[in-house]
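**Student:** Chain by chain, the residues:
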Amino acid sequence: MEIFGIPLQAFLGQLLLGLVNGSFYALLSLGLAVIFGLLGIVNFAHGALYMMGAYVAWIGLEHFGMSYWLALVVSPIVVGALGLVIERTLLKQLYKIDPIYGLLLTFGLSLIAEGILRDQFGVSGQQYAVPELLQGATNLGFMILPNYRAWVVFASLVVCFGTWFLIERTRLGSYLRAGTENPALVQAFGVNVPLMVMLTYAAGAGLAAIAGVLAAPVIQITPLMGSNLIIVVFAVVVIGGMGSILGSILTGLMLGIIEGLTKVFYPEASNIVVFVIMAIVLIIRPAGLFGKEK
Amino acid sequence: MTTERLGRIAWMVGLVILIAAPFVGLYPIFMMKALCFAIFACAFNLLLGYTGLLSFGHAAYLGAAAYGTGWLVKSAGWSPELGVIGGTLFAAAIGLLVGLIAIRRQGIYFAMITLAMAQMVYFVWLQAPFTGGEDGLQGVPRGKLFGLIDLANDTVLYFVVLAVFVAVFLFIVRIVHSPYGQVLKAIRENEPRAVSLGYDVDKYKLLAFVLSTGLAGLAGSMKTLILGFATLSDAHWSLSGEVVLMTLLGGMGTFAGPVIGAFTIIGLQNFLADRVGSWVTVIIGAIFVVCVVAFRRGFVGELLAWQKRRQADKP
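One line per chain: the protein sequences are A and B, in this order.
Position 42 of the first sequence, counted from 1, bears residue number 58 in my numbering, the numbering being contiguous throughout.
Position 131 of the second sequence, counted from 1, bears residue number 220 in my numbering, the numbering being contiguous throughout.
The set of hints was computed from the structure by calculation and includes no laboratory data.
Note that the coordinates shown come from a computational prediction; the quantities given were computed from them, not determined experimentally.
A couple of the hints might just be wrong.
[Unchecked claim] Reference listing, derived: stretches of chain B covered by chain A, where coverage requires no fewer than 3 residues with Cβ under 8 Å from a Cβ of chain A:
| id | stretch |
| --- | --- |
| 1 | 189–201 |
| 2 | 209–218 |
| 3 | 365–372 |
From the three backbone atoms N, C-alpha and C, an ideal C-beta is built for every residue, glycine too.
With the rest of the complex left out, here is chain A (with noise of 0.2 Å):
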């Protein structure tokens, strides 16, 4: 069976593979949409956060035996934790200032981290094993589906909606939303907002851990995976518009799909495609295509 002169099971797995890119587009792009939100500032260091995650997991499997899913536990805490620090000790210096220094300190953190993890492991990519549950692949008749990138995919859509959840549904979620619109105002109700800021912070640093962690097996761990890949989420979050959580999430995921299928037709055009679209949204409609007008 073919598709426009493809065959069909290379269609369905650049497909799956969008998808698969799709599911960290829309995991990033979800914790700097909250952070941003929240905190006012873009945190560059988003992708390094989400390098350490794979990291994480890597060191834990290589020296201590950590399993795949204790990493998916420990990953996000002690990422989380470090976010924790970078909020309490430097961010938190920045909020009455022009947004522009948060990214500038953000990528600064960037810097450390990657040349830290460069000296220590060099920039040559570390492999990740499948974990021996999700090894092998399911045959569903009409495509081969390797069984670890379906996990990806089911495992991040979980967690997005998880936190599409708490934030749009819960009563912690409307403090967060809150915060969000008039911090002096909710903190005047009794909401302890600096705590809030701060958890909100490692979440979103533990969101991007879990995305790492995620991406390990399927990708080569190196130090510059997360800058490359926050270069593009940064233009995804400009497709999407930072306001609307459930738009970061599609946007993310059709994104990957979209540069999937470029893969296909037109491979040259696979690492561009999300930029192009960008300029093209910002076209014809500045604000995102989930954002506001202000």
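Fit chain B to the given chain A structure using the hints.
**Tutor:** This is chain B only, laid out in the frame that chain A set:
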């Protein structure tokens, strides 16, 4: 002594040092490279310091001109001066395209968009046939300026680069002090107010963006002539970050700041390169963090603030 007179003296001293540099044994290639980055940082500062726009992808234009000039001089056989002009215009043209898209959003989004567009340009260079991909464009000849002056001599080329630097510097001083520059500052201070005063801010911002990208390109063109090659690292996002750091460290929104910042960072990298390996990145990152948290005015900004305080204390 007034700040203005002090400033003028500082300029004279600086210029004398730069003119004397080749004769006191400073490594000419290093000095030329630093001057190129000083041009780059000054161009960037026109945008960040005087217009309030953070372009986070300025390496794209330096890289575009570096490749443009390299290709024109090496493959098309143009003379160095035409090659530099061609490369600069090429960078300004890309700047115009990116600027048209990026000025549609303000503030932090502007930074994200320029970064993303620069990454796109980077991927184009990575795949384009004439850039030599990962190897870069090698063996670009320096040639003869106006067909007369042989640039193969490092000292001769140094004075050409110095002349270009001084010209760019004076050009930027002129822009900032012109009525146009005053409007740019008004946009930086309060964009909605500038709009309400009837200024078409998008047009002003776009022109500032194109000027800045063109001058960044000029730095890249000169760099290709000096080093004889253009590589992907000229267009990489880490260079875009470095130029921000140079400007911030020296003092954004000051004339001398970016120059001092560029010399400091290039000198530091040169000094550390063989000594600490990949810790250079860590140190650069740490300087970034310290600058943002505790040193936002930069060297020159702090100096000016100190001078102001001292004068205010006088009876």
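**Student:** Does each hint fit the structure? Answer for all of them.
**Tutor:** Now for the hints, and whether the structure bears them out:
Under a criterion of three residues with beta carbons nearer than 8 Å to beta carbons of chain A, the stated coverage of the stretch 189–201 of chain B is upheld, 9 such residues being counted. Note: the stretch 209–218 of chain B has 5 residues with beta-carbon separation from chain A under 8 Å; the three-residue rule is met and the coverage holds. Only residues whose beta carbon comes within less than 8 Å of a beta carbon in chain A count, and the stretch 365–372 of chain B has 7; three or more means the coverage holds.
Consistency with the previously given hints is maintained throughout, with no hint failing.
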